Amino acid sequence: MGVALRDIIADCKETLDLDALKGVAAIDAHNALYQFLSIIRQPDGTPLMNAEGQVTSHLTGILFRTANFVEKGIKPVYIFDGTPPTFKQETLDQRREVRTRAGNAWKEALAVGDIAEAYKQASASARVDAYVIETAQELLGLLGIPWVQAPSEGEAQAAHMAGKGSVQFAVSQDYDSLLFGSPVLVRNLTVSGRRRVRGRTITVSPERIVLANLLDYLGVSREELIEIALLTGTDYHPGVRGVGAKTALKLVRNGEFESTVAEKLPDFDPASIREFFLAPPVTDDYNLSWSAPDTDGVVAMLSGRFDFSPERVEGALEKLSVKAKQQTLDQWF
1 MGVALRDIIA
11 DCKETLDLDA
21 LKGVAAIDAH
31 NALYQFLSII
41 RQPDGTPLMN
51 AEGQVTSHLT
61 GILFRTANFV
71 EKGIKPVYIF
81 DGTPPTFKQE
91 TLDQRREVRT
101 RAGNAWKEAL
111 AVGDIAEAYK
121 QASASARVDA
131 YVIETAQELL
141 GLLGIPWVQA
151 PSEGEAQAAH
161 MAGKGSVQFA
171 VSQDYDSLLF
181 GSPVLVRNLT
191 VSGRRRVRGR
201 TITVSPERIV
211 LANLLDYLGV
221 SREELIEIAL
231 LTGTDYHPGV
241 RGVGAKTALK
251 LVRNGEFEST
261 VAEKLPDFDP
271 ASIREFFLAP
281 PVTDDYNLSW
291 SAPDTDGVVA
301 MLSGRFDFSP
311 ERVEGALEKL
321 SVKAKQQTLD
331 QWF
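Numbers 1 to 333, taken from the UniProt record's numbering, label the letters of the sequence shown in order.
The set of hints was computed from the structure by calculation and includes no laboratory data.
Note that the structure is predicted; figures quoted are calculated from it, not measured.
Accuracy of the hints is not assured; some may be wrong.
In silico DSSO-like pairs for lysine-lysine, Cα to Cα no more than 27 angstroms straight-line [said to hold, decoys possible]:
hint: 1; residue 1: K250; residue 2: K13
hint: 2; residue 1: K107; residue 2: K120
hint: 3; residue 1: K22; residue 2: K250
hint: 4; residue 1: K164; residue 2: K75
hint: 5; residue 1: K72; residue 2: K13
hint: 6; residue 1: K13; residue 2: K164
hint: 7; residue 1: K246; residue 2: K13
hint: 8; residue 1: K164; residue 2: K22
hint: 9; residue 1: K264; residue 2: K250
hint: 10; residue 1: K164; residue 2: K72
hint: 11; residue 1: K319; residue 2: K75
Let the hints inform the model, and build the full structure from the sequences given.
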């Protein structure tokens, strides 16, 4: 879900071509994997699978998206979630229920031959489980792409790395990265391109949001942006019913955050969530090192175990290998 700040952020988004984004990118792995699992499916919603019924949609996304990133001058590092804070449990339970309901609705739509509805419900039923994470990490290792295990939220770790200059920007679909203090957030990177949505083809382009510009435009501090999020709702608390981002912005600008919470949420103490956004658990124990792909290892994994076309795998590997051999100013690999 993330945080519902879209209505006050729209004017601060900069739409870019993929070619305009270069540098090291900290990608929220859970977010990216969910997007791959949701989008990369058969027309009836069935995910890509090998002969043994193991889902491979996420591996397809990692292979071809990562190769595309590298070809365009983006050095990706994937950040995996650790232990979520206790106050996120209710949201996690709700998401689990939504996925279960969507899975049942998918079966019902298939039974009556409603392919469009089946695809919609199947996408909403996508799950990032231990198998998805383990195989994703295995493939990244073979591709020579670094990944980092966050102690808690992946977005918080990505924001921390962006803040200290280890990466140039954080990548996620959610705006929470801004609350965690990422100087630059890029959205739509893992889903950019031409896509079929509700029967029509649309073009999705990357969007860049610079935190300093956003705060200046809104006339608030980062702490006040967090207060706006607390009123509208986050993954950690539903917020005030009926209060959207524009209303929350007005309340915070007028210095009415505390009084609004006291009146509308008398049993809610925002201190722990505010502190989590300002100082989340993160780690500096990481080594961002890229290397040329293990071609034989990738082919053995994807073609040998997961039934990928050897020709397509080799085509993606060629993009990575060519970049690895180039001697550029930023010394890629």
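Against the structure, the hints:
1. For the given pair, K250 sits about 21 angstroms from K13 by alpha-carbon distance, which is consistent with the 27 angstroms threshold.
2. In summary, the hint linking K107 to K120 is supported, as the alpha carbons are separated by about 12 angstroms, within the 27 angstroms threshold.
3. Using a Cα cut-off of 27 angstroms, the hinted pair K22 and K250 is violated, with the two alpha carbons roughly 36 angstroms apart.
4. Our distance criterion of 27 angstroms between C-alpha atoms is met by K164 and K75, whose separation comes to about 17 angstroms.
5. The suggested pairing of K72 with K13 holds, with an alpha-carbon distance near 21 angstroms, which does not exceed 27 angstroms.
6. Of the pairs offered as hints, the one joining K13 and K164 holds, with about 23 angstroms between alpha carbons and a cut-off of 27 angstroms not exceeded.
7. Distance check on the hinted pair: K246 and K13 sit about 17 angstroms apart at the alpha-carbon level, within 27 angstroms; holds.
8. Straight-line distance between C-alpha atoms of K164 and K22 comes to about 18 angstroms, which keeps the hinted pair within the 27 angstroms bound.
9. A threshold of 27 angstroms between alpha carbons decides the hint, and for K264 with K250 the separation of about 16 angstroms falls inside it, so the pair holds.
10. Among the hinted pairs, K164 with K72 is consistent with the structure: their alpha-carbon atoms are about 24 angstroms apart, no more than 27 angstroms.
11. Proximity of K319 to K75 is assessed by CA-CA distance (about 13 angstroms); at most 27 angstroms being required, the pair is judged to hold.
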